[in-house]
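Working from the sequences, and respecting the hints, build out all of it.
Residue numbers (my numbering), protein chains in the order written: chain A, 1 to 284; chain B, 285 to 489.
What the hints contain is simulated information worked out from the structure, not anything from laboratory work. Be careful, since some hints might not be right.
Here are the computed lysine-lysine pairs in the BS3-like style, where the Cα-Cα straight-line distance is at most 30 angstroms [stated by the list, open to error]: (1) B:329 x A:194; (2) A:194 x B:401; (3) B:397 x A:152; (4) A:152 x B:401; (5) A:234 x A:152; (6) A:200 x B:397.
A short list of chain B residues far from chain A (calculated; beta carbon distances all over 12 angstroms) [to be verified]: (7) 379; (8) 386; (9) 397.
Only a predicted model underlies this, so the values are computations on that prediction, with no experimental measurement involved. Glycine is no exception: its CB is placed at the ideal position from the N, C-alpha and C atoms.
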Amino acid sequence: MSSTAFAILKSGYVARDTFVHRLDGRTKFLFFLWISVFNYIFYDLYVTMVSFTVVMFLAFVARIQKFVMTVLVIIVLPIILLGMGIIGGPFGFSQNRTAIAAVEVFGFTVGLYLEGTVYVSVWTSRLAVTITAALLAYVTTHPSDLAAIMLKSRLPYKFAYAFLATIQLIPILTNEITTIYQAQVSRGLNVQAKLIDRFKSIIVLMIPLTLGAINQTQIRAIALESRGFSAPVKKVMLRDPKLRASDYAVMTIIGIMTCIFIYLIWTRGLVPFMVGIQYVRPGG
Amino acid sequence: MTSQAKGSGATTVERPSGFAILQIVLIPVIAALNYVTGVIVNILKLPIFLDTWATMFGTVVAGLWVGAAGGFLYNIIMAFTLWGLPAWVWGFINIYIALITWVFWRIGWVTVKSPVKLVAAGIIVGVTNVIPVTLISWGVFGLMPTYAGTAWIYAAVLASTGDTLSASVVSSIIAEIPDKLISLVLAAVVASRMPARFTLRPPKA
Chain A
1 MSSTAFAILK SGYVARDTFV HRLDGRTKFL FFLWISVFNY IFYDLYVTMV
51 SFTVVMFLAF VARIQKFVMT VLVIIVLPII LLGMGIIGGP FGFSQNRTAI
101 AAVEVFGFTV GLYLEGTVYV SVWTSRLAVT ITAALLAYVT THPSDLAAIM
151 LKSRLPYKFA YAFLATIQLI PILTNEITTI YQAQVSRGLN VQAKLIDRFK
201 SIIVLMIPLT LGAINQTQIR AIALESRGFS APVKKVMLRD PKLRASDYAV
251 MTIIGIMTCI FIYLIWTRGL VPFMVGIQYV RPGG
Chain B
285 MTSQAKGSGA TTVERPSGFA ILQIVLIPVI AALNYVTGVI VNILKLPIFL
335 DTWATMFGTV VAGLWVGAAG GFLYNIIMAF TLWGLPAWVW GFINIYIALI
385 TWVFWRIGWV TVKSPVKLVA AGIIVGVTNV IPVTLISWGV FGLMPTYAGT
435 AWIYAAVLAS TGDTLSASVV SSIIAEIPDK LISLVLAAVV ASRMPARFTL
485 RPPKA
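Given below as C-alpha cells:
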C-alpha cells in the first residue's frame, strides 16, 4: 500500500452534496454487497465490464473518481500486470490453448493466450468492481451514519465502537509514526541501510508507537466509562438515518436486476455472453 | 473505573481495573497497529507484509479473543475500504494467527527468553498459515499471483508443473515463513518491553 492509499483512509468521509451522498448508508452497502456477490458468481468479462462501468459512473456522480482510480492503480493494476505476464503468457497455465499474439524466440513460443488473458481479466475486474463499490459506500457515508446503521442493524454497540474507533485511530497513529520516524532519523536511523539493519529498525519505530497507543488505550477507557459506555441502558444515536424515495428506487432496481441475473444463470449458465470461452475454476 | 491500593498508608490510584473495557478499547488499537505497520514497511522498504504482528501482540498481552477480534476487524476495515468485499475472508487468517499464537504463548514459546523456541514457533506459524492463505487465494484471487516479491517463484513453479495451485502454495510458503517469523519475534520483543503498569490481563485469582 502506498501513502495515497493511507491518505484515503485518513480522509475517510468525502463531504459532497451528490445523489450518491444523499442515499442512505444501508442502500449503498446493500448495493456494494449485491454487485460484489453477482460479480463473483458470473464468469463473464462482459458482465464484469458492465458492472465496472456502472460503479465508475456512480463514482463520477459522487465526484470521488480520483480516489477510486488511485486505489485501483495501486491495488488492481499490479495484479493485472503480474497475472497477464504469468498466467496469460507462456508460463504453463494449463488452460491456455488459443494464442492471441505469439512469436517464436529460440524455439520457445512467447505471447499471450486467450484463455489465460480472459481468466486474469475476469478475476481482476471482479476485484475492481468490489473495491470501487466498497469505496462508493464508505467514502460517501458519514461516520456517524455508519455507527447509526450498525446499531439499527442490531450489531452490538461495542462492535460499532471498535469499527469507528479504528477508522479514527488510523490517522492518529499514522501521524504518530511520522513523528517517531523523524525523531529516530535525527538519532541516526538510516532507512537506506542494509536489509538486516532495516529489519532491526522496525523495533525502534514500533516500540514507542505501541506503548504510546497502549497508554492512550487507558485514557480512552476512562473517557468511555465517564460517558457510561458499559452502563446497562439503551443507547441513543446522534443521527437517525431514514430511507427515502431514492433509496426505495435503488432497491427496486437491485431487485429487478437480481431477477434478471437469476434468469440469466437459469437459462444461459455462469458464462452468459462470452462465446467460445470455458468456465475455468481456480486450479482447474 | 480505578482501583485503590489496599493496605495502610496513603490512598494511591493504581492502574484501571476495568479490564473488560480496556480490552474492548484495545481491539481498535490492534486493528490500527496492523494497518499502520504498512506505513513502516513502506518507509523501510521491507519485502514483507507484517500486517499480523499486532494480532500476535494483542493475543500475547491481552488474550486470545482480543487479538482475534482486533485482527479480524483490521480485515473488515480493509475489505470495506481498499481491498473490496471478498477480502474480508482474510480475517480468518488473523483468527487463525491469534489462535496459534495463543497456543504457543500458553506453552511458553512466545518469549524473548527462549529465542530457539520463539523462532521455531514463528516458522510453524508461517508454514501452517499457508493452508488458509491458499484457500482464500483460491476463492478470492483465483490462485493468481498477487505479490510481486514472489511472482518469479510462482512463474517458475507454474512453468515446471503447469499447476496454479502448486505455484500458489510454493510462493505462499516463501512469503509466509519470513513474514510470520519476523511478526512473531516483533510481537514478543515489543511485549517484553511493555512496562508492568500497562498490564492488560486481569490479575489471576
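Structure-based check of each hint:
{"no.": "1", "hint": "B:329 x A:194", "in the structure": "holds, 11 angstroms"}
{"no.": "2", "hint": "A:194 x B:401", "in the structure": "holds, 27 angstroms"}
{"no.": "3", "hint": "B:397 x A:152", "in the structure": "violated, 48 angstroms"}
{"no.": "4", "hint": "A:152 x B:401", "in the structure": "violated, 47 angstroms"}
{"no.": "5", "hint": "A:234 x A:152", "in the structure": "holds, 12 angstroms"}
{"no.": "6", "hint": "A:200 x B:397", "in the structure": "holds, 18 angstroms"}
{"no.": "7", "hint": "379", "in the structure": "holds, 15 angstroms"}
{"no.": "8", "hint": "386", "in the structure": "holds, 19 angstroms"}
{"no.": "9", "hint": "397", "in the structure": "holds, 17 angstroms"}
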